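Undergrad: Residue numbers (the working numbering), protein chains in the order written: chain A, 1 to 670; chain B, 1001 to 1317.
These are calculated hints, taken from the structure and not from any lab test. Since this is a predicted model, take the numbers as computed values, not measurements. Among the clues, some could well be false.
Unchecked claim - Calculated lysine-lysine pairs in the DSSO-like style (CA-CA distance at most 27 Å, straight line):
| id | chain 1 | residue 1 | chain 2 | residue 2 |
| --- | --- | --- | --- | --- |
| 1 | A | K25 | B | K1126 |
| 2 | A | K19 | A | K489 |
| 3 | A | K26 | B | K1126 |
| 4 | A | K19 | B | K1126 |
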Amino acid sequence: MVTTTDQLLTVENLGIEYKVGTEWKKAVRDVSFSIGSGESLGLVGESGCGKTTVAMAIMHYLPRNGRVSEGSIQLAGREIGELSASELRRMRVNQVSMVYQDPGKSLNPSIRIGRQVADVFELMEVPKDEWDGRVIDILRKVQIADPERVVRRYPHQLSGGMLQRVVIAMAIASEPELLVLDEPTTGLDATVEAEVLDLISNLRAETGTSVLFISHSLAVIRKMCDRVGVLYAGRLLAEGPAEAIFTDPRHPYTVGLLRSLPTGELSRNEAQLDTIPGTLPPLGAEIQGCIYADRCPIVQDVCREEEPDLVALDGNRFSRCFFPERAPDLPRVVAPDPPVRQRSEETLLDISATSKTFEQEGSPVFALKDVDLSIRIGETVALVGESGSGKSTLAKVILGIHVPDEGAVIQLGEDVLHDSLHSRSGEEIRSVQMVFQNPDSALNRRHSVRRIIGRAVQRLRGLGRRGSHDRARDLLSEVRMGHQHLTAKPSHLSGGLKQRVAIARAFAGSPALVVLDEPTSALDVSVQAAIINLLAELQAEENVAYLFISHDLNVVRYVADRVAVMYLGRLMEVGTAERIFRGPHHPYSEALLSAAPDREEGTRIRLKGEIPAASDPPPGCSFQTRCHRKIGEICETVEPPLTEAEPGYSIRCHIPIDELAALQQLVPQE
Amino acid sequence: MTRFVLRRIGLALITLFLLSVLVFIGTQLLPGDVGRRVLGPFATQEAVDDLNARLGTDRALIVQYGDWIGGAVQGDLGDSISFSRPVSELLGRALRNSAKLAVVAFVIVVPLGVFGGIMAALRRGKPTDRLITVGGLSATVIPEFVSGIVLIIVFAVWLDWFPGTATPPPDSSFITQLHHLILPAIPLVLVLFGYISRITRAGVIEALESDYVRTATLKGLPRPTVIRREVLRNALLPTIAVVASQVGYLIGGLVVVEVLFNYQGIGRLLFDAAQKADFPLLAGGVLVVGAAFQISMLLADVAYSLLNPRIRVGGKA
Chain A
1 MVTTTDQLLT VENLGIEYKV GTEWKKAVRD VSFSIGSGES LGLVGESGCG KTTVAMAIMH
61 YLPRNGRVSE GSIQLAGREI GELSASELRR MRVNQVSMVY QDPGKSLNPS IRIGRQVADV
121 FELMEVPKDE WDGRVIDILR KVQIADPERV VRRYPHQLSG GMLQRVVIAM AIASEPELLV
181 LDEPTTGLDA TVEAEVLDLI SNLRAETGTS VLFISHSLAV IRKMCDRVGV LYAGRLLAEG
241 PAEAIFTDPR HPYTVGLLRS LPTGELSRNE AQLDTIPGTL PPLGAEIQGC IYADRCPIVQ
301 DVCREEEPDL VALDGNRFSR CFFPERAPDL PRVVAPDPPV RQRSEETLLD ISATSKTFEQ
361 EGSPVFALKD VDLSIRIGET VALVGESGSG KSTLAKVILG IHVPDEGAVI QLGEDVLHDS
421 LHSRSGEEIR SVQMVFQNPD SALNRRHSVR RIIGRAVQRL RGLGRRGSHD RARDLLSEVR
481 MGHQHLTAKP SHLSGGLKQR VAIARAFAGS PALVVLDEPT SALDVSVQAA IINLLAELQA
541 EENVAYLFIS HDLNVVRYVA DRVAVMYLGR LMEVGTAERI FRGPHHPYSE ALLSAAPDRE
601 EGTRIRLKGE IPAASDPPPG CSFQTRCHRK IGEICETVEP PLTEAEPGYS IRCHIPIDEL
661 AALQQLVPQE
Chain B
1001 MTRFVLRRIG LALITLFLLS VLVFIGTQLL PGDVGRRVLG PFATQEAVDD LNARLGTDRA
1061 LIVQYGDWIG GAVQGDLGDS ISFSRPVSEL LGRALRNSAK LAVVAFVIVV PLGVFGGIMA
1121 ALRRGKPTDR LITVGGLSAT VIPEFVSGIV LIIVFAVWLD WFPGTATPPP DSSFITQLHH
1181 LILPAIPLVL VLFGYISRIT RAGVIEALES DYVRTATLKG LPRPTVIRRE VLRNALLPTI
1241 AVVASQVGYL IGGLVVVEVL FNYQGIGRLL FDAAQKADFP LLAGGVLVVG AAFQISMLLA
1301 DVAYSLLNPR IRVGGKA
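Throw the hints in and build the complete structure from the sequences for me.
TA: In structure tokens, the structure reads:
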């Protein structure tokens, strides 16, 4: 590795350790990469692989228990670890800026936005009378429509997307040479994510800033970066041009990651997702040989004895593997054959005329409005929409957690369910269960797995202690977990295993319907694939129906039989997954679909403004304030009904379906 | 904001009402025959009846309560049985004394505790931190009568730096009064320092680890600015609540210190009233302490919301 002058950032043989108890454990070892002027490098990898640690070392802001143990980080030729406190400060002011996840937390809650942005100009020693003007300019540059108003706001008064723009504005205000972006769009809605990514691309094109982009999302990295480094357990396993890494991967790990992702038109009725077996080695584990050997399907004896070097394959791509040429033909870990499902036309759940109005500071908030939806036995219905669209409220109404307004009917099979959970019979509760997004907060961390599942069995099945333990054992096998986990506490399980326990718990009473609220979005892609496969298998075995809430449209397309699109508490479009994704689309769905990061450049539809407050919905069609296909006054005055435009397909729009097709110039998709 | 304050005042009034009912039950109802309790088992029934009639304790309970609370609202808490003086006058003087002692203690302990907490947080895990946290915690568990006696023996008896009593001669100057109050304030400082420094330390550490402090640091703000503007502003909010919650203790709960240092504060007065079965004084005193507590909590809440824009400015605009 030669340091050349045109490299802005050079990281060489970087090793980082964390102190756990009294021991220093290696979190990152021997990582080398460089970023040239104007270049963008992406770091991908699953959680715990050291991406953020590397970024923080570059910013010289490791946590208190972390230290750079070896190697060097040079920015513009200067060793970061050797800078004095004031030199480091100058560097942060002028040369390098960072944006990270969760913009709601990255701004000081008790200081106005304007003042926080002005700091940057103060530090740049801009004369004080220019601050206000410069703040407004920079906010305008990140496409904040009304900067004069925004500067007077406190962070809690702005939406997540707006806050992330403010953070980006602060980061680019000094025109830094290097911009470090650590999951800048994770947690944002797809439409907002698309806008933020566009903004970053435009700013880059304009200023020529170099970028280090960290993300767990392969699609985002592919869209945003020239080169990509794949990190695994603190090791760089592959590096190369983004296109090459993603279209022709030459490391078994990269191949495994890409295969875990549901993409394109694949449906679970066609093939199971492939996964990566095993789990990440624990922090600081001393492993002889290749660090990936334990999970590699093509592992050989040599892999366990010595560690491969990061070898050049052709000029500018590298792979830390003895057999890079075999990686593309990696044998599948999971057989592709999908589990055989019994399909039924019989309706299981039917909700009609369901509205839910909350009271907030005396004024009504219309969280759900006139929702009619049915789910068949053994079917998966996906619910999509931006945050605030009412997806979770609908789920909670079905579960009986929220009591719907009068007139709503929730029918399960022959019976009309009681509104409130408290008035539901044991049988009613048993038949509708839920799996949450975050298993960490959904499982009692003090209880053993046996107790968590056993309790659910006792309550839902009315079994005694003995019987419940036997059943817990069976359930654990059903979610493909070994009996050795029965005595474990959730804190000793990985995220994927925890989610399996949560699923086992939901299945304790053999439910007819399970509500899955973003069940995989907190999980890494390989784990997500395994969970999705598991859910598909369980559905085939138990003939259970799923209401699947997700913002990841690729996942939805893969798992769903039918899709319902929600906006501002209303159903905008309901149809089979194939039909919804094929189009013609509701204008809102059209925008949502176009926002996915793996969409082609230039096809994205920009939505105007933000989702209106549910306490103050616009008159007429609820989407009219942001609709790019608005046809005129009728949209502003009359709310279109949800009408069945084709058999099994309903849409809420004033534009006739064939006109929509013409407008969207639908060519059969690739 | 106004709405918040009004609602908060309403809640305080409800609490005070409930307190007054409890106090009334505790001091007028539970003793049974008030006249008998005051005069003792050997008094004639005639004298007891006479006293009950004089005190009004022979009337229906609801009438008694209405009478008592009606007077209390106008500042008339009846007459003390043992001192034969209006309760409000006795309480007024004791309250002034208690407030003086509380102010002295606060002026010493709040800056000390906050500063100690900040230092401990900034030097987390280092000897300074251990000294402050362990020291503060140890001081908290020393009962006031132990520290008070030690202080009197060392500083008043041996060294003779401070007077052994907290009560200054009549009409003494501010300095003399202060001189008398420092020694009795120290046991209170010892008790409170641990609380205040601990909560400050926790707040500062939480702020130091927050993303917004990271943002500020990575912007290139100098460390002192980061600490002053980003850390303290958010970290001291919980401290305010803790400090305010100690006002009630300082106003009404200092029986031991006031007795030990021979000081006429409310704690001591209540203690005397309880001993002498002086029910009107006891009832009035408890009510006043409750009111002082409520007012300090109210002020703390208002201060808290003034410093916290999430409450001050409300939700999304």
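Undergrad: Could you tell me which of the numbered hints above are not met by this structure, giving the numbers in increasing order?
TA: none
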